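Asks: Fit chain X to the supplied structure of chain C, relying on the hints for placement.
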Amino acid sequence: MAPCSLAPGISLQYGAEDERNILEVSKLGCVRGDRRLFSGLDLSLPPGTFVQLTGPNGSGKTSLLRILCGLLAPAEGQVSWQGANIRSLAEDYFTAVTYLGHRPGVKDELSALENLRISNALNGVEVSQDDALAALGRMGLAGRESLPARFLSEGQRRRVALARLLVCKTRLWLLDEVMTSLDKGAVALVRSLIEEHLNRGGIAIVATHQELELSAGVTKRLELTT
Amino acid sequence: MLRWIVWRDLMLAWRRRSDMLSTVFFFVIVVSLFPLGIGPETQLLRSIAPGVVWVAALLASMLSLGRLFANDYQDGTLEQLLLTPQPLYLVVFGKVLAHWIIAELPLVLIAPLVGVQFDLGRETLSVLFVSLLVGTPVLSLIGSVGAALTLGLRGGGVLISILILPLYIPALIFGAGAVEASILGVSSAPHLYLLGAFAIVSLLFAPWAASAALRISLE
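Sequences listed follow chains C and X, in order.
Note that this note's numbering has the first sequence beginning at 1, numbered continuously upward.
Note that this note's numbering has the second sequence beginning at 1, numbered continuously upward.
Isolated chain C, as found in the complex:
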């Protein structure tokens, strides 16, 4: 697969020691069942990098993101965060990562507001009612905050999940096909969220089939092949 080169230096809010690659992937390989999805994948990502992950269905985009967030153990190679293997960082690594997968992770029985506040509280970030309402408002859910999520449409549920990005303070975002069932306005919103994140010195890795033209940070493209 395409090994990514070092991106040129960009202006940062974080200190100098943060300028090196904070996420490094070396010789990563993934095997699902008896099929090898990819092998020898190398990536070095400095702060402020956006990676657009593309590839045909079944090429291992989701598997790669799940390896990067630590849900899946790689068949070979390793992922390092700030110089330490994420396997040895264990739970400490999760304070730096937000992963949004195919399934939105929104409870039908809870309202949008409760979903947002509880998922953040479980991540160790207690969000005040006002902040949560503001985040949901920005995601276009004003007036529907206290409706149980089962009454929301698929796209609105997706927006509830994305509202987490507004209140979490993580540096690495791993977004897996989060643009499905979103309308144009919401896609533009996601783009601006990622731009703000990159300007703060964050990293975003997004698996998507839609082209995202960002005006901030450094964009890399990683294409997986079958």
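FYI, nobody ran anything at the bench for these hints, they're computed from the structure.
Just so you know, these numbers come straight off a predicted model, no measurement behind them.
A portion of the hints provided could be inaccurate.
Claimed, not checked - Non-contacting residues of chain C with respect to chain X, defined by C-beta distances greater than 12 Å in every case (computed): (1) S59; (2) A96; (3) G155.
What the hints assert, rightly or not - Okay, the calculated beta carbon distance ranges per label pair: (4) C:D42 with X:A212: 41 to 49 Å; (5) X:L159 with C:E196: 19 to 27 Å; (6) X:R15 with C:Q82: 47 to 55 Å; (7) X:I169 with C:L147: 42 to 50 Å; (8) C:V31 with X:L109: 47 to 55 Å; (9) C:D183 with X:R3: 35 to 43 Å; (10) C:D42 with X:R3: 38 to 46 Å; (11) C:A90 with X:L159: 36 to 44 Å; (12) C:V31 with X:R15: 39 to 47 Å; (13) C:Q78 with X:I48: 36 to 44 Å; (14) C:T225 with X:A212: 29 to 37 Å; (15) C:D42 with X:L109: 56 to 64 Å; (16) X:R15 with C:D183: 26 to 34 Å.
Here a beta-carbon is modelled for each residue, glycine too, at the ideal position from N, C-alpha and C.
Replies: Just chain X now, with coordinates in the frame of chain C:
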């Protein structure tokens, strides 16, 4: 963090009260069928009471165990729980604690009431209550391992019974044994102590084993 997990699960259970009530009704009906089927033979009823109530409690907990992780697994919140910055052991422990409060505690509370149908004395009923109070955490704890192992499998409900019911046997023997001892008029303390020891051992190992099983199920 633990309280958030427990609170979340309790709130979810409250919003889906019917699930919780069905477990309790199942327990009450199964226990009540025996006196109705056997008739007013108080001697026989008294001697089968400990086994019947305990077996009904085991079966009732089977009903609710399937939901312990499955609902969270389906909507993707289980993945998010695995990615929270705290030991998975604690997350599982919180969920098991909530499961015990939702699914087992109502059985413990109602057992002395349904036990009256078996012509048990007041002292025996209180031993029944204590034995269930000490023993039902074992059911939730060991059951969580089975629920984690069978996550996402088709026909997981049957599989979980086959996996877990044999592991419940010590709890059944000592739990029912305590009540039986009380009926015979001897001390039920040894049975309760052993049941308590079994509960402590499962408290140490079950959340750990269930976390490992969850990681495997979600890979």
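Asks: So, for every hint listed, does it hold in this structure?
Replies: Here is how each hint holds up against the structure:
{"no.": "1", "hint": "S59", "in the structure": "holds (19 Å)"}
{"no.": "2", "hint": "A96", "in the structure": "violated (9 Å)"}
{"no.": "3", "hint": "G155", "in the structure": "holds (16 Å)"}
{"no.": "4", "hint": "C:D42 with X:A212: 41 to 49 Å", "in the structure": "violated (31 Å)"}
{"no.": "5", "hint": "X:L159 with C:E196: 19 to 27 Å", "in the structure": "violated (47 Å)"}
{"no.": "6", "hint": "X:R15 with C:Q82: 47 to 55 Å", "in the structure": "violated (40 Å)"}
{"no.": "7", "hint": "X:I169 with C:L147: 42 to 50 Å", "in the structure": "holds (47 Å)"}
{"no.": "8", "hint": "C:V31 with X:L109: 47 to 55 Å", "in the structure": "holds (50 Å)"}
{"no.": "9", "hint": "C:D183 with X:R3: 35 to 43 Å", "in the structure": "holds (38 Å)"}
{"no.": "10", "hint": "C:D42 with X:R3: 38 to 46 Å", "in the structure": "holds (43 Å)"}
{"no.": "11", "hint": "C:A90 with X:L159: 36 to 44 Å", "in the structure": "violated (30 Å)"}
{"no.": "12", "hint": "C:V31 with X:R15: 39 to 47 Å", "in the structure": "holds (41 Å)"}
{"no.": "13", "hint": "C:Q78 with X:I48: 36 to 44 Å", "in the structure": "violated (60 Å)"}
{"no.": "14", "hint": "C:T225 with X:A212: 29 to 37 Å", "in the structure": "holds (34 Å)"}
{"no.": "15", "hint": "C:D42 with X:L109: 56 to 64 Å", "in the structure": "holds (59 Å)"}
{"no.": "16", "hint": "X:R15 with C:D183: 26 to 34 Å", "in the structure": "holds (29 Å)"}
Hints 2, 4, 5, 6, 11 and 13, counting from the list given before, are not met by this structure.
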